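Chains A and B, in that order, are what the protein sequence lines are. In terms of my numbering, the first sequence opens at residue 1 and continues consecutively. In terms of my numbering, the second sequence opens at residue 1 and continues consecutively.
It should be emphasised that the hints constitute simulated quantities derived from the structure, not laboratory data. Bear in mind the structure is a predicted one, so any value in this text is a computation, not a measurement. Accuracy of the hints is not assured; some may be wrong.
Coverage of chain A stretches by chain B, computed from C-beta distances (three or more under 8 Å per stretch; other residues unrestricted) [what the hints assert, rightly or not]:
hint: 1; segment: 63-76
hint: 2; segment: 262-271
Derived DEER-like restraints, expressed as beta-carbon distance ranges [stated by the list, open to error]:
hint: 3; chain 1: A; residue 1: 123; chain 2: B; residue 2: 261; range: 24 to 30 Å
hint: 4; chain 1: B; residue 1: 76; chain 2: A; residue 2: 237; range: 34 to 40 Å
hint: 5; chain 1: A; residue 1: 121; chain 2: B; residue 2: 76; range: 39 to 45 Å
hint: 6; chain 1: A; residue 1: 130; chain 2: B; residue 2: 271; range: 31 to 37 Å
hint: 7; chain 1: B; residue 1: 261; chain 2: A; residue 2: 298; range: 49 to 55 Å
hint: 8; chain 1: B; residue 1: 76; chain 2: A; residue 2: 216; range: 54 to 60 Å
hint: 9; chain 1: A; residue 1: 121; chain 2: B; residue 2: 90; range: 31 to 37 Å
hint: 10; chain 1: A; residue 1: 240; chain 2: B; residue 2: 53; range: 30 to 36 Å
No more than 30 Å apart at the CA atoms, straight line, and that leaves these computed lysine-lysine pairs for DSBU-like [unchecked claim]:
hint: 11; chain 1: A; residue 1: 298; chain 2: B; residue 2: 254
hint: 12; chain 1: B; residue 1: 65; chain 2: A; residue 2: 241
hint: 13; chain 1: A; residue 1: 241; chain 2: A; residue 2: 201
hint: 14; chain 1: A; residue 1: 296; chain 2: A; residue 2: 188
hint: 15; chain 1: B; residue 1: 254; chain 2: B; residue 2: 243
hint: 16; chain 1: A; residue 1: 296; chain 2: A; residue 2: 25
hint: 17; chain 1: B; residue 1: 65; chain 2: A; residue 2: 296
hint: 18; chain 1: A; residue 1: 296; chain 2: B; residue 2: 243
hint: 19; chain 1: B; residue 1: 243; chain 2: A; residue 2: 241
hint: 20; chain 1: B; residue 1: 243; chain 2: A; residue 2: 152
hint: 21; chain 1: B; residue 1: 65; chain 2: B; residue 2: 34
hint: 22; chain 1: A; residue 1: 192; chain 2: A; residue 2: 296
hint: 23; chain 1: A; residue 1: 25; chain 2: B; residue 2: 254
hint: 24; chain 1: A; residue 1: 152; chain 2: A; residue 2: 188
hint: 25; chain 1: A; residue 1: 241; chain 2: A; residue 2: 298
hint: 26; chain 1: A; residue 1: 201; chain 2: A; residue 2: 25
hint: 27; chain 1: A; residue 1: 188; chain 2: A; residue 2: 201
hint: 28; chain 1: A; residue 1: 241; chain 2: A; residue 2: 152
hint: 29; chain 1: A; residue 1: 188; chain 2: A; residue 2: 241
hint: 30; chain 1: A; residue 1: 298; chain 2: A; residue 2: 25
hint: 31; chain 1: A; residue 1: 296; chain 2: A; residue 2: 152
hint: 32; chain 1: A; residue 1: 298; chain 2: B; residue 2: 65
Just so you know, even glycine gets a beta-carbon here, dropped at the ideal spot from N, CA and C.
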Amino acid sequence: MASVAAAIDPGEDALAEPRAAAIRKAALAAGADVVGIAPVHRWDEFVPEGCRPYDILPGAKSVIAVGVRGPTAGGWLSPEHRLMEVNGYDFANDRVVHVLADHIEREYRYRAIMAPGLPIAGHQPLFSMMLAAVLTGLGTRSLAANIILNPKYGLLYYSACITTLELPPDSMLEQDVCPHPMCVQVYKHGGKTPCMAACPKDEGGCLDGAIGDDGRIESSYYDRERCVSRAMNFGINSFQKALEQIANEDDPERRRTMIHSDFFGRSCEGIAFFKESVAQCFECMRVCPIGRAERKLK
Amino acid sequence: MNADDPATTDAKTGATMDSTMAANKAELVEFARKGGALVTGVADAGAFAAAMAGQRPTDLLPEAKTVIVVGGAPPRAGDWQVPNYLHMETTSTSDRMFALANRIAQFVERRFGYYAVAVPSGVDRARQPFLSLALAAELAGCGTPSLAGPVLNPEHGFLYFAALLTSLPLPVDGPLAEPVCPAPECRTMWDEQGTTPCLAVCPIDAGGCLGGRLENGRVAERRYDVARCTTRSQNSFIPGFQKALEAVFDEPDKERRRMILWGSQFTRTLWSMSYSNVSQCQCFECMRVCPAGRARRELR
């Protein structure tokens with residue numbers, strides 16, 4: 001993530017580095033674990049027209065992505081898997097981005113917005129946080145559900161800020177984070193990495209793939225629909241599923257039982273404001289060695 | 001319990017505590033205070049003998065040594081003064097305390113290098129909590145149970161509580177030696193009228209939720225109809241949504257169904273559940289009449 005000099009408006013040139021430093025400092029103080037900056041034209045070869053940062057915010061020059069750890073190390077350690085199902089995540093990355101957008105508009109008088117990361121059609125967001133994390137040098141794609149892994153922390157939750165402020169960019173990572181050397185060895189011996197073994201496609205799971213002789217990902221397979229049905233079993237998807245079943249049930253007594261059931265109640269809670277989890281399966285990440293050192297505490 | 005007076009002795013034994021533990025605790029208490037906590041207490045993770053199996057700290061975090069409890073975010077003095085009860089129905093929330101517990105858990109891990117996990121704000125199966133926050137608050141010396149139900153703090157009265165479990169050893173507080181409830185005013189009222197303010201405002205034998213008895217100035221018996229209270233205090237939250245949804249599907253007439261779906265009651269349940277609202281509970285009457293912490297509500 002070393003800063004690389006870029007074409008900066010000469011009038012603003014001298015201010016760019018100190019502004020970038022101040023933005024990083026503000027992000028870290030607000031709770032970010034990592035911060036990366038990319039120029040908007042890095043998106044050009046990856047996304048269709050309409051989804052580029054400057055399509056979303058006209059005149060945009062830079063994207064700042066932040067990553068934060070989700071569950072605490074204590075959460076990973078808990079034998080009660082349901083605890084992480086409801087407590088995995090506290091949207092700290094979104095809070096950081098709001099802090100940054102406020103900072104840029106207030107201090108530098110440039111426009112700044114929170115990048116829109118929620119799906120607008122199917123599972124497709126208007127702006128991919130995964131791609132933003134890769135292009136800002138925060139991580140690379142993994143065999144485990146394509147999750148973007150950071151070399152230090154592994155699984156992170158990402159948000160991004162799009163701004164008309166031109167900033168010196170960070171380099172993209174040159175070294176793949178996944179597969180970890182340990183996973184390459186495991187694959188050579190058993191034909192599967194830990195994440196593939198935790199959720200194997202051939203045994204009703206979601207993951208498969210191959211590692212080439214050069215130790216890099218040769219191919220990867222991810223059954224997103226199956227993963228969603230398992231990882232988001234108390235949330236918007238389960239609410240929709242349960243509501244369909246309720247609507248299709250003709251018997252009032254059975255319908256009443258379904259409406260007041262634990263499953264539907266938990267689905268309602270999954271979409272309510274006070275819940276802090278959007279997914280309920282962490283198994284491919286639980287076995288991932290990347291970032292594991294960060295989870296070992298006293 | 002107080003940032004200005006960090007404990008340096010074990011509340012139970014009086015023995016001198018390790019200075020590092022005391023310093024860590026003082027730092028945590030200050031972090032919590034800056035984050036909005038009005039009270040912070042520490043309970044021994046092994047003291048939850050009264051909890052059901054599966055709901056003890058070590059069931060959730062086997063390495064847990066202590067449970068840190070924060071309390072705060074009560075309705076403000078101004079909130080209690082608003083004559084329209086609908087105001088507090090839509091603005092009071094425990095959310096700030098749960099967010100703070102999450103932040104403290106991250107702080108414990110990053111600052112001290114010990115495991116920490118916040119107790120989820122949601123409920124587990126069958127609407128059971130992962131860990132009783134009332135019991136945690138009591139064991140951490142943040143307050144004592146009341147006739148009305150909520151754990152009351154001696155200084156602030158009604159507060160929202162959140163907790164986190166950690167492997168970090170800390171000097172333990174509480175439980176408090178003296179119960180906060182009944183307050184002296186309530187004991188006098190009991191002696192004169194055979195009831196207390198909270199029992200009188202919601203009497204279980206007259207369609208309400210609360211009953212009980214004082215003996216020698218202490219609570220000798222408590223009755224609480226949790227099901228009835230839920231139907232009244234969460235009438236715009238998830239239980240209200242489920243009830244309204246049942247009415248929608250049971251209604252054969254399309255026009256009437258349309259009216260239910262677009263009606264104020266159904267709309268309020270959605271506002272109450274969604275991120276855009278911040279209230280889970282819509283009845284404060286037993287706390288409105290409670291004298292504990294009332295001095296905090298008296299402003300100009």
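Exercise. Given the hint that residue 188/A pairs with residue 201/A, test it: the Cα-Cα distance must not exceed 30 Å.
Key: holds, 18 Å
Exercise. Verify the proposed pairing of residue 254/B with residue 243/B, using a straight-line Cα cut of 30 Å.
Key: This hinted pair holds, its Cα atoms lying about 18 Å apart.
Self-check item: Pairwise hint evaluation, residue 241/A against residue 243/B, where the allowed Cα distance is 30 Å at most
Solution: holds, 19 Å
Quiz item: Does the Cβ-Cβ separation between residue 121/A and residue 90/B fall within 31 to 37 Å?
Solution: For residue 121/A and residue 90/B the Cβ distance comes to about 33 Å; the hint holds.
Quiz item: For the pair supplied as a hint, residue 65/B and residue 296/A, is the alpha-carbon distance within the 30 Å limit?
Solution: holds, 17 Å
Practice problem: Compare the distance between the alpha carbons of residue 296/A and residue 243/B with 30 Å, and conclude whether the hinted pair is satisfied. | Solution: violated, 46 Å
Quiz prompt | Pair hint residue 188/A and residue 241/A, alpha-carbon separation not exceeding 30 Å | solution = Violated - the C-alpha atoms of residue 241/A and residue 188/A are around 41 Å apart, more than 30 Å.
Practice problem: Mind checking the hinted window 30 to 36 Å against the Cβ distance between residue 240/A and residue 53/B? | Solution: holds, 35 Å
Practice problem: Note whether the CB distance of residue 123/A and residue 261/B lies within 24 to 30 Å or breaks it. | Solution: holds, 28 Å
Quiz item: Is 31 to 37 Å a correct range for the gap between the Cβ atoms of residue 130/A and residue 271/B?
Solution: Between residue 130/A and residue 271/B, where Cβ atoms are some 32 Å apart, the hint holds.
Quiz prompt | residue 296/A paired with residue 188/A [C-alpha distance capped at 30 Å] | solution = Given pair residue 296/A, residue 188/A holds - Cα atoms ~27 Å apart, limit 30 Å.
Practice problem: Mind taking a look at whether chain B covers the segment 63-76 of chain A? Criterion is 3 or more residues with CB to CB distance under 8 Å. | Solution: holds (count 6)
Violated hints, listed in ascending order, are 11, 12, 18, 20, 23, 25, 26, 28, 29; each of the other numbered hints is respected by the structure.
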